[in-house]
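*Asks:* Sequences and hints are given; from them, build the entire structure.
Here's the letter readout for the chains.
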Amino acid sequence: MNFLLTHAPILIIALPLLGAFLTPLISRLHPKMRNIFVLTILIFTGFLTMLLTRDVLANGIRVYVLGAAPSTLTVPTGSIMPVRIILETDALSVLMAMISVSLAFVSALYSSKFMENRTGLDKYYTLLLLLLAGMLGMELTGDLFNLFVFLEITSISGCALVAFYTDRGESAEAAFKYMLIGTVGALFVLFAVALLYGEYDALNIGYLASKIQYSFLDKIALVLLVGAFAMKAGSVPMHMWKPDAYGEAPASVVIMLVTSSLASLYALLRVCFTLYGNVLNTAVVGWIIIVLGVLSIFVGVTMALVQNKFSRLIGYTAVAEIGYMLLGVGVGLASLTNGSIEDYGLKAVQGGLFHIMNDALDLGLLFLVAGAVFYSTGKSDLNKLGGLAHNMKYTTIFFMIGLAAVSGLPPMNGFASKLIIYETSYQLEPLGPILSIIAILSSILMLAVFVKVFHSAFLGPKLKEYENVKDAPRSMLIAMGILAVFIIIFGLFPDTVINTIIKPAANALIDYQGYIDKIMGGV
Amino acid sequence: MIQHFPFIAVVILIGLGIYACMFKRNLIKIVIGVSLIESGVNLFLITLGYVKGGVAPIYTNAPGTNMVLPTPQALTLTSIVIGLATTALMLSFAVLIYKHYSSIDAKTRRLKG
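So the sequences go chain by chain: A and B. When the letters of the first sequence are read in order and numbered with the working numbering, they come out as residues 1 to 523. When the letters of the second sequence are read in order and numbered with the working numbering, they come out as residues 1 to 113.
None of these hints come from the bench; they were simulated from the model. Misleading hints may appear alongside valid ones.
Derived pair list, reagent style DSS-like, types lysine-lysine, alpha-carbon separation capped at 27 Å [said to hold, decoys possible]:
1. Lys309/A x Lys107/B
2. Lys379/A x Lys29/B
3. Lys452/A x Lys211/A
4. Lys452/A x Lys379/A
5. Lys99/B x Lys379/A
*Replies:* Pasting the structure below:
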């Protein structure tokens, strides 16, 4: 057990990576065996993540130095700076890793029936596991160049999955767009990494954070990093790839893409709060993030109103949801500099982080419902659907839960986190009240969007062409059920969730000094 | 002056690449733009790693113990490999788009709004 815990950070990345390339081999034996193998890999990765989470929450940040004899030797003897690749996991990293692994598990469970009759499934599962490995790598690493490599792994495998339905031109088009955005964004990241390396001769985030001067070149690097990660997270003005990719990819892939955009958001937070935590003494960056967030909320919701394709519509609300997280975290970042972090800033960050978790669950559930509707009827045009509630009872119930959660209605988790965001952004000086008014109004509009969908797809008389439609198969229902149960639990007991995992994560995000000290050995 | 040439080349390469990505409508030209940006960034990385009179970090051949830290070269190699993968994947998407739409003009598209 102790051995597992010591090597947990690298095993969490290595296991899906190894599993990814074993999958095609096992696929030769039997397709069923392959599905079981993928699920086993995911369960084991989840178990390791749990182990790591428990340890990090109890004992603080954990480092793992690749290639060092004792795996905690961050600065080699005789050297003044860390030269090896270091994985550094704090409470925020493990929170993100938990989200990624659990959503990947749900996705794999859902795929086993949803993708059943497709060809090329061994490659599909390989890419799915690779995507997971890339996300976990981004979340656990403490090295900037590693961050770039894992970012590229996620974008390559994600794009290949978006184009999975090769028989349709639209998927290739969406994949090309996503790939273009992803590659250019990643190259911006690499350029910023090169700038920082040229100045400080190091790639380690903790070491760079302790040395950073906030010179002109550092500012350029910050702009490039924030721009690239906001682009990959899908915030306005670079959101146009998101509805395309989410609308065209298979539903089981979309929930992985949702978590991969959250991983980019994590990288954005890591850059703003940790890498530049030492020197960021103006509220400008915080306000830029707030403005991006508010614009994303507004544009996402208004564009969602006019859509008539089910998954594309949810894709636009995903843009809005990213906006809520950016708003929460941006308020926290802006309050760091005007000295009110204790009053409401920390609370705002907690709201943003809690919303990351809730967003993955809510949007995940809605995309899976859209996938189930597509699976049963073969259609995703909302104008042609109708009266599905008669035959698809469970799916309808799950859709109602997702609808309530994503538009922030009280018994669900979306309400808990959105309320914190409204409350805290209201207190920000100046303009705070306007921010929270826009956020609340957009949330109401979002309810309108989903009520429209509910009405046109599920309510109404039985249509003739859907008379013999059956509800989704059991494994898909179980996958949706897992998400629904979590949504309700988090909604009923938000305090417990916030106290056990969100609060430590928010504290870890604010505490850049602790992150540096762990690398530099408290020098 | 001569030592600044690589950096000027970097700026020109990245600028041309971004121009191609933003204003060209031919998908192949967009891919070329992306790979131009990539070459610019790679050139920047490798220029940073150049030390005048530096010794390659091969222990058996080095005269002393002062050797160049090979990190930028390692980074460049990694990024070239990644660049190959992304370019190949983007070109294969362009092929797929051509198969379905019989055109590689970015204007012929169905995903709008």
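*Asks:* Now, for every hint given, state plainly whether the structure supports it.
*Replies:* Hint-by-hint comparison with the structure:
1. Lys309/A x Lys107/B: 22 Å, holds
2. Lys379/A x Lys29/B: With Cα atoms ~35 Å apart, Lys379/A and Lys29/B exceed 27 Å; violated.
3. Lys452/A x Lys211/A: Violated, because 53 Å separates the two Cα atoms, which is more than 27 Å.
4. Lys452/A x Lys379/A: Holds - the C-alpha atoms of Lys379/A and Lys452/A are around 17 Å apart, at most 27 Å.
5. Lys99/B x Lys379/A: Given that 27 Å is the threshold and the Cα spacing comes to 24 Å, the pair holds.
Violated hints for the displayed structure, listed by number in ascending order: 2 and 3.
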